[in-house]
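Below, each chain spelled out in residue letters.
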Amino acid sequence: METPEQTVMERLEHGSAPPPDAEVPAAHTFEVKNVSIWYGEKLAIDNVTLDVAANAVTAIIGPSGCGKSTFLRALNRMHELTPKTRMEGTVLLNGEDLYSSTVDPAIVRRRVGMVFQKSNPFPTMTIGENVVIGLRLNGVRNQRFLNERLEKSLRMAALWDEVKDDLHKPGTSLSGGQQQRLCIARALAVEPEVILMDEPCSALDPIATAKIEELIYQLKARYTIVTVTHNMQQAGRVSDYTAFFYLGRLIEYGPTTKIFTNPGEKQTEDYITGRFG
Amino acid sequence: MVVPKHILGTFDDALTSLRKDLLMMAGLAERSLDRAIKGLLQRDDDLCTHAIADDEEIDQLEKQIDKDGFEILLRYQPVASDLRRVISAIKLSPNIERVGDQATNIAKRARKLNRHPPLPEVQMIVPIQAHAMSMFKDSINAFARENVELAHSVCSRDKQLDDMNRDANRKLTELMMEDREQLRGYFNLILISRALERVGDHATNIAEDAVYAAAAEDIRHKSLAASV
Ligand SMILES: Nc1ncnc2c1ncn2[C@@H]1O[C@H](COP(=O)(O)OP(=O)(O)O)[C@@H](O)[C@H]1O
Ligand SMILES: [Mg+2]
Chain A
0 METPEQTVME RLEHGSAPPP DAEVPAAHTF EVKNVSIWYG EKLAIDNVTL DVAANAVTAI
60 IGPSGCGKST FLRALNRMHE LTPKTRMEGT VLLNGEDLYS STVDPAIVRR RVGMVFQKSN
120 PFPTMTIGEN VVIGLRLNGV RNQRFLNERL EKSLRMAALW DEVKDDLHKP GTSLSGGQQQ
180 RLCIARALAV EPEVILMDEP CSALDPIATA KIEELIYQLK ARYTIVTVTH NMQQAGRVSD
240 YTAFFYLGRL IEYGPTTKIF TNPGEKQTED YITGRFG
Chain B
0 MVVPKHILGT FDDALTSLRK DLLMMAGLAE RSLDRAIKGL LQRDDDLCTH AIADDEEIDQ
60 LEKQIDKDGF EILLRYQPVA SDLRRVISAI KLSPNIERVG DQATNIAKRA RKLNRHPPLP
120 EVQMIVPIQA HAMSMFKDSI NAFARENVEL AHSVCSRDKQ LDDMNRDANR KLTELMMEDR
180 EQLRGYFNLI LISRALERVG DHATNIAEDA VYAAAAEDIR HKSLAASV
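Protein sequence lines, in the order shown, are assigned to chains A and B. By numbering that gives the first Met the number 0, the letter at position 124 of the first sequence is numbered 123, and the numbering carries on one by one without gaps. By numbering that gives the first Met the number 0, the letter at position 199 of the second sequence is numbered 198, and the numbering carries on one by one without gaps.
So here's chain A without its partners, still in its complex pose (with noise of 0.2 Å):
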């Protein structure tokens, strides 16, 4: 005998309506236009236009190699210290010309600063020193001035009431989620235009991660923040905007609820949903 739940599957054949198109975000930090980048032969980004919204966090997901962390290292040069790499197209930061011949690489990664996933103190070096260690290889010698950033960085990076009496101690006596809001002290001292983060709670337990993820909900009041996370949920708790890479190419960006509640594009469903494409 049919039962009632076969008269309705009877019914059934599959279909759906192609979702809306994303929404694009206002003010730009950066201005990214058709960049390709090679390591040797081997093709790592493959032509991606984006515009990265100021103030807001955008997050950068997609499945290992990728090419999320070139793209992100991009954004600060900082790709050009590996061997053998080459780059076309234009970054636009805050309207100019990351790539101009006149800009200095160094001066690029003050404005731009990097958070990684491994957080790393630098061994022999106290807490304090950690903290104001770019400072000072930019020639900063005056103390109050040093004592000043050190505590204003420590306290954006949420970490000044855990090591205020600490200061003296190495940065790695440190838990791994002090360490990693330590190297966001150290990022911050240097007062960056931009923070980007790649993969910044990967080695973090739940606590550690979700200090840093409040971190970055704090943080995007002053900064642009551009993360890479391997975490689908952190990427809809902490940002504003999505963009998801898959093989070198950006596949889709655009508004995190959007991309999470109705992606427009099938790959997107399938890599979020843990689905085999």
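Simulated from the structure, these hints should not be mistaken for lab results. Check the hints yourself; a few may be wrong.
To be verified - Stretches of chain B that chain A covers, calculated by requiring three or more beta carbons in the stretch to come under 8 Å of a beta carbon on chain A: (1) 21-33; (2) 77-87.
Claimed, not checked - The calculated lysine-lysine pairs, modelled on DSSO-like cross-linking and capped at a C-alpha distance of 30 Å, are: (3) A:K257 / B:K19; (4) A:K257 / B:K90; (5) B:K37 / A:K265.
We put the CB at the ideal spot given by N, CA and C, even for glycine.
Following the hints, complete the assembly by docking chain B with the ligands onto the known chain A.
Below, chain B with the ligands without anything else, positioned relative to chain A:
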């Protein structure tokens, strides 16, 4: 469109079972409504009793869908189409449950009417039930097939059902005035017509959620938003 399977097989199983329960629930509500109407038109108390019995199973399924839907949200943290499907299942099931309640309501009134000589005015219910039933079936189809066009058509048919109910109500009220003997009978027919009008409201809710499930578009209160 062929939807590829999830890498995590248990997630697929959980979503499939949620969908099966929802379609089962819809099928039962459909059957219950159909039996209640037939019980009325064919003056068959057994069908009415069956219609009422179906409702208990529908209630159980509503609880099951709630429980399973929340568990999927908790365990798998679905996104994109998965998220929309779970949310719409949780929102759909109370509407289906209310259609079941209306079927029970109709079946109980039909049993009362069946104790008295037949009223020819029962025929007024025929087009109303056909309209309500087709809206309900189409709303479920629209959800299951993710057919946005069909869902929109359900919503646009609701006004006609309201008009049919209002006409029936007016005519039956007039008859009540003229023939006090049949007052109870006409009154029950008025309430049956109203129950069917409610079925149309639930079908409209279901169709709106079907559009959301398919395309994440919120079409509720469109006219209201447009007038602001
Ligand atoms: N230094 C390098 N030399 C050669 N190929 C590299 C180098 N770094 C990355 N790649 C290649 O470029 C592609 C993109 O790498 P990457 O940007 O690290 O991806 P993701 O961060 O998304 O995992 C990969 O295929 C990777 O193997
Ligand atoms: Mg990487």
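With a Cβ-Cβ cutoff of 8 Å, does the region 77-87 of chain B contain at least three residues near chain A?
-> holds (count 7)
Below or equal to 30 Å on CA atoms is what counts here, so check K37 of chain B against K265 of chain A.
-> 46 Å, violated
Are the Cα positions of K257 of chain A and K90 of chain B separated by 30 Å at most?
-> At roughly 20 Å apart (the allowed maximum being 30 Å), K90 of chain B and K257 of chain A satisfy the hint.
Given the hinted pair K257 of chain A and K19 of chain B, is their alpha-carbon gap at most 30 Å?
-> At roughly 28 Å apart (the allowed maximum being 30 Å), K19 of chain B and K257 of chain A satisfy the hint.
8 Å C-beta criterion, at least three residues: is the region 21-33 of chain B covered by chain A | Contact hint for the region 21-33 of chain B vs chain A: holds, 7 residues under 8 Å.
In the structure shown, a violation is registered for the earlier hint numbered 5 alone.
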